[in-house]
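K.L.:
Next come the chains, spelled out residue by residue.
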Amino acid sequence: MENEESISKLLRLKRYEQPPQGYHEAFLRDFHRRQRAELLKPNPWQRFWDGLSDIWPNFQVPKLAYATMAVVAIATAGVLINQPTQSENLLAAAPTAHTSLGELNVLPDFSLEPQRPVTIGSTLPVSSRGDLSQHYVLQPRPASNDRPLSF
Amino acid sequence: MDDNPDISDEELVARTQAGDAEAFDALIVRYSPRLYGLVYNMTSNHEDTNDLLQDIFSKAFRSIHSFRGKSSFYTWMHSIGVNMSINFLKKRGRRYAMSLDDVESGIQNDPDFLEATVTTDPRREANLTELQKRLNEAMQKLSNDHRAVVTMFDVQGMPHAEIAKILKVSEGTVRSRLFYAHRQLQNYLQEFISNK
Chain A
1 MENEESISKL
11 LRLKRYEQPP
21 QGYHEAFLRD
31 FHRRQRAELL
41 KPNPWQRFWD
51 GLSDIWPNFQ
61 VPKLAYATMA
71 VVAIATAGVL
81 INQPTQSENL
91 LAAAPTAHTS
101 LGELNVLPDF
111 SLEPQRPVTI
121 GSTLPVSSRG
131 DLSQHYVLQP
141 RPASNDRPLS
151 F
Chain B
1 MDDNPDISDE
11 ELVARTQAGD
21 AEAFDALIVR
31 YSPRLYGLVY
41 NMTSNHEDTN
51 DLLQDIFSKA
61 FRSIHSFRGK
71 SSFYTWMHSI
81 GVNMSINFLK
91 KRGRRYAMSL
101 DDVESGIQND
111 PDFLEATVTT
121 DPRREANLTE
131 LQKRLNEAMQ
141 KLSNDHRAVV
151 TMFDVQGMPH
161 AEIAKILKVS
171 EGTVRSRLFY
181 AHRQLQNYLQ
191 EFISNK
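Here the protein sequences line up with chains A and B, keeping their order.
Counting from 1, position 6 in the first sequence corresponds to residue 6 in my numbering; the numbering is continuous, with no gaps.
Counting from 1, position 54 in the second sequence corresponds to residue 54 in my numbering; the numbering is continuous, with no gaps.
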């Protein structure tokens with residue numbers, strides 16, 4: 001315990017170790033100077049680009065970057081303009097279904113053109129319904145190139 | 001900027017947080033001597049102390065908005081100081097050279113100094129420079145954590161509770177570290193404390 005007290009007394013003598021006179025006044029000035037130096041220091045990205053420019057002197061980093069950004073912006077804008085909006089997509093959805101079905105002839109044709117009724121059963125003799133081989137019928141008149149309805 | 005003792009730390013911190021940089025200057029003037037003592041006794045090198053102290057105040061200035069007043073500004077500053085000093089010492093490792101400050105002449109009249117250098121024993125006829133060198137060598141042999149506790153308690157005279165807050169450990173831990181540090185120092189400084 002006594003030794004511990006002696007150690008404490010010895011260590012207290014370290015309080016007499018002091019920096020040179022005027023140190024603390026100069027410290028504040030130095031602090032301000034360092035702060036200003038920090039402000040002037042370029043940021044890491046700037047240093048990276050500067051380093052890149054040093055390695056490749058003809059590499060015009062800013063101009064190239066701006067040009068690239070402009071091209072990308074124009075391309076993006078073009079894509080966005082050509083893209084149909086959401087409302088257009090909704091409107092287009094229903095007719096598209098109709099059109100596609102119409103193209104496939106699934107829906108009945110409602111046109112007003114007169115059409116002869118299709119009666120498959122009546123055109124072929126009953127005996128030949130199952131016979132798909134071709135057959136020929138001799139017409140009473142010879143075939144000609146005359147128009148059938150000539151007045 | 002002069003340090004006006006009538007202005008409290010809290011007010012200076014609030015003004016700094018509001019953008020008054022001169023208020024922080026007042027805090028630097030107020031705390032740089034104490035923090036210098038803390039860092040110097042941790043590093044035993046004046047140049048390292050100067051650089052580190054600049055970094056400590058710079059960090060405190062950048063982080064001032066994170067100070068919410070849960071602890072005193074004094075505790076907050078010392079926490080930054082201790083943590084940054086320990087990080088610095090870890091990086092520095094064992095490769096360092098002592099660069100000691102001058103010892104104020106007042107030590108010659110200090111009874112503790114006279115007691116340590118009394119001439120009854122030839123081995124204790126150590127001059128001032130020798131004592132300073134041996135004290136710093138002994139301090140550098142301690143671990144960083146032990147040296148921090150010894151610096152704050154023995155050199156700076158802080159109470160255990162304050163040290164515990166700064167280091168974010170219990171008071172028991174502080175006392176335990178002090179006990180082991182003192183025991184180590186007794187071995188290194190035997191010639192100055194023997195034959196009492």
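No lab work stands behind these hints, which were simulated from the structure alone.
Where hints are given, some of them may not hold.
Cut-off 30 Å, straight-line C-alpha distance, at most; resulting in silico cross-link-like pairs (DSS-like, lysine-lysine) [claimed, not checked]:
#1 B:LYS141 - A:LYS9
#2 B:LYS91 - A:LYS41
#3 B:LYS70 - B:LYS165
#4 B:LYS168 - A:LYS41
#5 B:LYS168 - A:LYS9
#6 B:LYS133 - B:LYS70
#7 A:LYS9 - B:LYS59
#8 B:LYS141 - B:LYS59
#9 A:LYS41 - B:LYS59
#10 A:LYS9 - B:LYS70
#11 B:LYS70 - B:LYS141
#12 A:LYS9 - B:LYS90
Each pair of labels, with its calculated beta carbon distance range [to be verified]:
#13 A:VAL71 - B:SER72: 56 to 64 Å
#14 A:ARG47 - B:ILE7: 39 to 47 Å
#15 A:ASN43 - B:LEU128: 47 to 55 Å
Ideal placement from N, C-alpha and C gives every residue a C-beta, glycine not left out.
K.L.:
State for each hint whether it applies.
P.N.:
Hint by hint, here is what the structure shows:
no. : hint                           : in the structure
1   : B:LYS141 - A:LYS9              : holds (19 Å)
2   : B:LYS91 - A:LYS41              : holds (24 Å)
3   : B:LYS70 - B:LYS165             : holds (11 Å)
4   : B:LYS168 - A:LYS41             : violated (35 Å)
5   : B:LYS168 - A:LYS9              : holds (26 Å)
6   : B:LYS133 - B:LYS70             : violated (40 Å)
7   : A:LYS9 - B:LYS59               : violated (34 Å)
8   : B:LYS141 - B:LYS59             : holds (28 Å)
9   : A:LYS41 - B:LYS59              : holds (17 Å)
10  : A:LYS9 - B:LYS70               : violated (34 Å)
11  : B:LYS70 - B:LYS141             : violated (35 Å)
12  : A:LYS9 - B:LYS90               : holds (28 Å)
13  : A:VAL71 - B:SER72: 56 to 64 Å  : holds (58 Å)
14  : A:ARG47 - B:ILE7: 39 to 47 Å   : holds (40 Å)
15  : A:ASN43 - B:LEU128: 47 to 55 Å : holds (49 Å)
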